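A.B. asks: Note that the sequence shown covers residues 836 to 1023 in our numbering.
Any given hint could turn out to be false.
What the hints assert, rightly or not - Pairwise CB distance ranges (calculated):
id: 1; residue 1: Glu-1013; residue 2: Ser-910; range: 25 to 33 Å
id: 2; residue 1: His-882; residue 2: Thr-961; range: 13 to 21 Å
id: 3; residue 1: Gly-911; residue 2: Gly-1022; range: 38 to 46 Å
id: 4; residue 1: Val-1017; residue 2: Ala-890; range: 23 to 31 Å
id: 5; residue 1: Ala-900; residue 2: Asp-859; range: 18 to 26 Å
Since the hints were made in silico from the structure, they are not lab data.
Computed from a predicted model, the values in this text were never measured in an experiment.
A virtual CB, placed ideally from N, CA and C, is assigned to each residue, including glycine.
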Amino acid sequence: MPAARLVVGISGATGAVYGLRLLDRARALGIETHLVATPAGMLNVHHELGLDRKALEAHADHAYAPGDVGACVASGSFSTAAMVVAPCSMRTLAAIAHGLSDNLLTRAADVTLKERRRLVLLVRETPFNLAHLRNMTAATEMGAIVFPPLPAFYNRPASIDEMVDDTVERVLSVLGFEQTAVQEWQGL
836 MPAARLVVGI
846 SGATGAVYGL
856 RLLDRARALG
866 IETHLVATPA
876 GMLNVHHELG
886 LDRKALEAHA
896 DHAYAPGDVG
906 ACVASGSFST
916 AAMVVAPCSM
926 RTLAAIAHGL
936 SDNLLTRAAD
946 VTLKERRRLV
956 LLVRETPFNL
966 AHLRNMTAAT
976 EMGAIVFPPL
986 PAFYNRPASI
996 DEMVDDTVER
1006 VLSVLGFEQT
1016 AVQEWQGL
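Using the sequences and the accompanying hints, generate a full structural model.
C.D. replies: Following this line, the structure appears as structure tokens:
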């Protein structure tokens, strides 16, 4: 078995660059990636990044159709280190928070939670309504980490790419991958 396997879900919220950059950074670190992108996620990948499904899937070691609920990542017996949904739509958050395993992405998230593995959700919406907040609370109570991709300005990022990279490094650090390049706050 490889040193680490990471499931990456891309759902239908803005911020597809987070999922893509996570796949690329994981590959650079030698982490085996398993990708599930929903149809709405692919709409955003195409609109925001100009990629089709085949081009996106080339960034992952393994990719699965969202309807393939028989894929290996749908079972707890398939050992993974963690899962990240980047970006995570409010629809996907709601399905995860309520245990609705209605596609492979939400089933893989359910498996991640039931196996007590780390699940990080880069939720993308603003402002939040009460349903969003309650679903974030429910997901947190089940063990998920709600991680809105908010930029850290104390590092004085010079570009959007630097902000995205910083978020991806922080996500990998939260997952326990020690070889990340997180810029630690050193105080004033």
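A.B. asks: Please go over all the hints and tell whether each is borne out by the structure.
C.D. replies: Cross-check of the supplied hints:
| no. | hint | in the structure |
| --- | --- | --- |
| 1 | Glu-1013 / Ser-910: 25 to 33 Å | 28 Å, holds |
| 2 | His-882 / Thr-961: 13 to 21 Å | 18 Å, holds |
| 3 | Gly-911 / Gly-1022: 38 to 46 Å | 42 Å, holds |
| 4 | Val-1017 / Ala-890: 23 to 31 Å | 29 Å, holds |
| 5 | Ala-900 / Asp-859: 18 to 26 Å | 22 Å, holds |
The structure shown violates none of the earlier numbered hints.
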